[in-house]
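Engineer: Chain residues, written in single-letter form:
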Amino acid sequence: DQQVKQNSPSLSVQEGRISILNCDYTNSMFDYFLWYKKYPAEGPTFLISISSIKDKNEDGRFTVFLNKSAKHLSLHIVPSQPGDSAVYFCAASPSSNTGKLIFGQGTTLQVKP
Amino acid sequence: DAGVIQSPRHEVTEMGQEVTLRCKPISGHDYLFWYRQTMMRGLELLIYFNNNVPIDDSGMPEDRFSAKMPNASFSTLKIQPSEPRDSAVYFCASSPETGYLHGYTFGSGTRLTVV
Numbered sequence: 001d002q003q004v005k006q007n008s009p010s011l012s013v014q015e016g017r018i019s020i021l022n023c024d025y026t027n028s029m030f031d032y033f034l035w036y037k038k039y040p041a042e043g044p045t046f047l048i049s050i051s052s053i054k055d056k057n058e059d060g061r062f063t064v065f066l067n068k069s070a071k072h073l074s075l076h077i078v079p080s081q082p083g084d085s086a087v088y089f090c091a092a093s094p095s096s097n098t099g100k101l102i103f104g105q106g107t108t109l110q111v112k113p
Numbered sequence: 001d002a003g004v005i006q007s008p009r010h011e012v013t014e015m016g017q018e019v020t021l022r023c024k025p026i027s028g029h030d031y032l033f034w035y036r037q038t039m040m041r042g043l044e045l046l047i048y049f050n051n052n053v054p055i056d057d058s059g060m061p062e063d064r065f066s067a068k069m070p071n072a073s074f075s076t077l078k079i080q081p082s083e084p085r086d087s088a089v090y091f092c093a094s095s096p097e098t099g100y101l102h103g104y105t106f107g108s109g110t111r112l113t114v115v
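Line by line, the protein sequences are chains A and B.
Position 78 of the first sequence, counting from 1, maps to 78 under my numbering, and the rest follow consecutively.
Position 36 of the second sequence, counting from 1, maps to 36 under my numbering, and the rest follow consecutively.
FYI, nobody ran anything at the bench for these hints, they're computed from the structure.
Keep in mind it's a predicted model, so treat the numbers as computed, not measured.
Idealized CB from N, CA, C, for every residue including glycine.
Keep in mind that a hint or two might mislead.
Counterexamples of contact, computed for chain B against chain A with all Cβ distances above 10 Å [what the hints assert, rightly or not]:
hint	residue
1	Ala2
2	Gly16
3	Thr20
4	Arg41
5	Phe74
6	Lys78
7	Thr105
8	Ser108
The calculated lysine-lysine pairs, modelled on PhoX-like cross-linking and capped at a C-alpha distance of 25 Å, are [said to hold, decoys possible]:
hint	chain 1	residue 1	chain 2	residue 2
9	A	Lys112	A	Lys100
10	A	Lys100	B	Lys78
11	B	Lys68	A	Lys100
From just these sequences and the hints, can you work out the full model?
Structural biologist: This is the structure we're talking about:
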């Protein structure tokens, strides 16, 4: 039972354009969401997060949007750069202070020069 | 800070053999997590520890899997006996007390191949 789903296994965009990665979740008790980025042969690294009390969080070229009613979040990268090519995982925390994160399957982003 | 250190980086073993994966978390981190990455399911949480105590092992697939954390600086994940379907990349991660607010720090992973 996949509580966090990334339905697009891959995404290809042109350099300079916007990349939009999507994530859906099923558990309404999730209160914190994060995005991780993973390069080949490396572990995932934290990218950006958002609390359930917000609907948007921005950090430079990266913006995460949260739609609680739809149980959907998205990561926007503007402008996309070739160095952004990686696997992106969304993750959700089931409740405060457990430390536990549930991850999605990942989406492979390719940014073409 | 050397980060989360995992060993070995690669492991190839024959079906039926015992496999032990190792992890050294970041000093001072209270949480330690073991994840498995597969194409189908992404990153699956296997087990996690808080202050060396196992908190949730519901993700451990079978009794063949076991994990220990004898002290704050070391953890092992053991598979005995190993099977081909265990082939995956296994990640260890650690975090401070309020880890989910700041994100985990992952190790580079152990790629396990069971033939």
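Engineer: Check each numbered hint from earlier against the structure, then list the numbers of those it violates in ascending order.
Structural biologist: 4, 7, 8, 9
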